[in-house]
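Engineer: Here is how the chains run, residue by residue.
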Amino acid sequence: MRSHNLEHRIRELQTQVKEHGERVLLPDDQVHLLYQIIQETYKSFDLDAVLNRTLIRISHALQADRGSILLLDPDSGYLEHRAAVARAQTLPKGGKRTHFRRGVGLAGWVLEHNEPALLPSIDDDPRWEPDPGSPHDSQSALALPLASEREVLGVMLLFHDERGYFHQEHLAFAEAAAKHIVTAIENTEMFRLVREQADRLGAMLRRQRQINAQHVAILSAIADGVAVSDEDGQIAVVNDAARRILRLGAVELDGQPLSTLFAALPEAEQEVVSEALARVRAHPRRREQLIPLSVTVHHDDQIIQAAFMPMFDERRIYAGIVIVFRDITRDREIAQAKNDFVSVVAHELRTPMTSIKGYTDLILQGALGEVNDEQRHFLKIVKANVDRLSELVGDLLDTARIEAGRIRLEIEPIQVTSIVGEVCDSLAETIRERGLELAIEADPDVPTVQADRNRLIQILMNLLSNAYRYTPSGGSITVSVRLTDDAVLVAVTDTGIGIAPEDQERIFERFHRVDHELVNRQTGTGLGLPIARSLVELHGGRLWLESEFGVGSTFCFTLPIQHVDVHPV
Amino acid sequence: MAKILVAEDEKDIRELIVFSLTFAGFEVLMAVDGEDAVQKTLENQPDLIMMDVRMPRMTGYEACAKIKDMPETKDIPVVMLSAKGQEAEIQTGLNAGAYEYILKPFAPDELIQRVRDILGSLPQAE
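Taken in sequence, the protein lines are chains X and S.
Residues in the first sequence are numbered from 1 upward in steps of one, following this note's numbering.
Residues in the second sequence are numbered from 1 upward in steps of one, following this note's numbering.
FYI, nobody ran anything at the bench for these hints, they're computed from the structure.
Computed from a prediction, not measured in an experiment: that's the story for all the values here.
Ideal Cβ placement from N, Cα and C applies to all residues, glycine included.
Some hints here could point you the wrong way.
Claimed, not checked - The calculated label-pair distances, taken between Cβ atoms and stated as ranges, are:
id	chain 1	residue 1	chain 2	residue 2	range
1	X	I411	S	D117	24 to 30 Å
2	X	D425	S	D109	19 to 25 Å
3	X	E391	S	Q39	52 to 58 Å
4	S	Q113	X	S294	44 to 50 Å
5	X	I411	S	N44	41 to 47 Å
6	X	S274	S	Q91	31 to 37 Å
In isolation and in its complexed conformation, chain S is listed as follows (with noise of 0.2 Å):
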């Protein structure tokens, strides 16, 4: 079963993505920032990660960019979740090396849905 990290300061919100994909039959890890989630994709590996935008101590897009430059953990697919919907931003995740951009508010069969194609459309690991 794909092991998913969810990294979003937002407790409400990290609880209804973890609920969700738990509920989907995922396995699922959490980060509370930007800082946690560079360390536990380097300590867990995971085969994909949902990263919220705004974060204390290092944005999402400056821990996606981080984890792009590590070799270890730079084809793990990243997906941007952000309340802002601006093509700027957008970019800016895209820049990062994010894989797609999410906006919020989604509902969690949509965002299961997309997980499910992201990790399909994956060349599969070994």
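Excised from the complex, chain X in its bound form (with noise of 0.2 Å):
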């Protein structure tokens, strides 16, 4: 757009100068000459080629003996010998700093008034100042400034050994053609200043390429798909084991609306799909309230995983939305191996464990004759230890079956005052007999909730057998039901050993105990409480803890009210 402008502007000018030059009204000859040093200055941009050039022109068509152009450096002040004629010493490429300035020298006195001088002795006019870099012998001189509208840009000098030999002819001459010289002056610094601005934007976009192959090389070399959307919905980009992933081949996307890239999937599974970027779409649209949102869809025997995160610009405002898929079908099966081999080996220990477990019953009730004191004593030890791997194999096969997914609940209507009850009633002994208090808290009218049962009598019995086991003899241990504004809430509070900050999230995590003297002495899986915390979580409830560390934990989780069918099987 801007070289436009400028061979525009160089238009203009041609024109302007044509009609000038016959204002002036020169004789024929010089108005050859003067289009001579037109053409010239159009020649190139190089300026100190179009200077040099001009200058021999018009130093020709005066018949000077010695000529200068000197052009001021705005940012010294000084004045540049940018072209010469008959000079000793050519000039250095890009002109050489003379130590004229405003006021100095004829020169810097044609800059300061922005007037030419015709000087027919220049050793009698004060104005003169030789330049000891270029002395040379001339009598006369005729020096003009180079001015466009705004400023004086430089100053045009000739020289000639004969003293009064400029005349109003030659200086008419002279200013007409340094117009021109002013005009390539200016086109030259237009032209700099447009070059500049194209080797800018070349950068940028060198650049922006350099990052686009980098982004496109990441996106073609990792194994997950990826896809983004532009905020209104429509595909922006998509790598190529997206393509892989969703079976789309080489079907055209870009620009297409999102539902495109899971037009290969089954119809339920494209539901499922379009409910997530429905949610996406329709989440609050700050950045600090963002979850991103996974779903998992079934394709065949492919199993995919598609995260979706909404996308916002600096100004936090919504700007897409960015998909990434994952073939898990292998990681399923993987998990699907590990579950059914722990399923197996789980099952097979159960068969001896009914062994051990029914003969030492037999032996411990005296179907056999008498058991003295020592023998009693011993066999209890063999039973509390078939019990204990009695309860780990039956966590060990909840955790796979939670896993797998393969957790069925047998949802009723439960009152869970009155199973907490029924929970705390089958612990009672075991917690008197270790020297703690039991109370129940329970506020009146807490409705019925949708749950299973038998799932829910678990999860009491995990959270109040680690109560009773880290509790020291003296404590207390409380179960509270609360009504809240959409869910009950259950919390089991102990006056324990409590758990320090730093494995408070950590004990959810399978096979976690705490280093604890009174943790080390208790027997225990380390599954009890991921287990529980699965399980709140199918009924769609939430599991957490509030704990100080030397002064108790509490236990709290909630059950809805309005069951939402979490997990189908």
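Both chains come to you apart, so use the hints to assemble them.
Structural biologist: What follows is the structure in structure tokens.
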């Protein structure tokens, strides 16, 4: 666009020059010379070359013995010798700094006054000051400003060895030529600006291309599928992995609606995805509230996980969605194989355990005759350990089933308070034996919830057995049942050893047991809490911990009053 | 005295159950696999059958279904014994006509209590 403007401007200037030349009414041969000079000024954007060639033509036309063009360096304020005719030494490219500046020397006078000077005898003129850089024997001089409409850009000087050589006609011609030199200088400057701008844009473009190339390389190198939509829900980027995972082949996707990505999926699965997309789009469009949303879809034997994340620009305005696809078929197969293995092992353990437990019980019951105290003590140890093993096997099986998504809740209306009462009753003796107080605090009008009775008992058993195991004698355990806005909240509070902040999330990891003297003395599988948490989540609730190290712990869980059907088998 | 058939292929466990039930005063018969269980049921008409799920030749489910299919044995209660405890399996057992499902490992006195409860809850035979 700028180069177009430049051409336009050049044409305009050419017209002006023609008109100007015609007005000046120079002799025919001078008009011809002037045209030659004008042509010279348009031949190139190399300013030094233009100035030199033009100066040669002018000197020749006026038959001057020497000539110079000095341009002002606006930064330093000094005039620079940019072109010369008959100078002893050739000027370097880009010119040579002189000591002349505003008010110094003849050129400095012209620069300051912006008017020409005709010096019949330079030696008699106080404005004259020789340039030590280029000495000569000239007697007369003609000096005139190279001025644009706004400012003086430089000075042209012409010299002759004869005194009184230059006249008004010479000056008129030189002034006409000077105007074209000014135009050439301005054009060159404009060209320089345009070229700089073009260089900058070019560099930006190259950088942009480089970044794009990096992005393309990253996207094609990663195994996960990636798709990005713009704020209107149109596909902006899709990598090859996404095409492969979603079985899209070479279908044109750019600019298509996001739903095009899922066209190859079975219809029911397409609905799952559209629902997820709708949820991401409907999400409050604030970065702080972002939760990545992930869904799993099935395509024949293939299992695909799709994670959705809205994007925001620097002004925090919604800018589209990023979707990452992962083929988790193999992961699932491995998990399945592991869970099957755990199930088989656990099952195989139960048969010998049945024998050990059964025969031990029989002897303890005295079915084979009197058992003395020491025998009884040892048999009880055997029995306690079989029970412990049995608990571990049960927990392992539950864990495997939870992981495989094979737990089916038998949902029925449940009075949480009465279940809490039952569980507390069944544990009351054990808790009393350990020297602990047990209390129940229940809100009076807690409504029924939709829950699996046996699983709720399992959750409460887990939490209560932790509470009594990790509370030293003399402490207390309180189970409270409260009604919140949309859920029943059960809290099991103990005055036990408490859990340090760094362990508070880790205790929900499988097999994690806190390193503490009292913990080490107790039996436990390290599976109870993760199972309890999963079971609560299967009910659509949450399980969490509030604890202060050395003071006690409160395990809370919620059961929603409106049961959400979260986990179809 | 009630007559109980114990069908269990694992000798140790079979003997444990037989001993416990005998000790509790029941008359006890033994079967070592599913086919044997069906055969002994037909021959002896027990009052209750304790049936292991995993047995060679015929599984406990199959044997149970077969017993429930024959008019002369269909009213005899069958209690499934299994180390598997998954809901789906319990459901399979109940679908096959089982009366109850007892999970291994069990304590002998619990087992006997369950047997007594079941026998007590049944309409008295002639």
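Engineer: Tell me, in ascending order, the numbers of any earlier hints that this structure violates.
Structural biologist: 3
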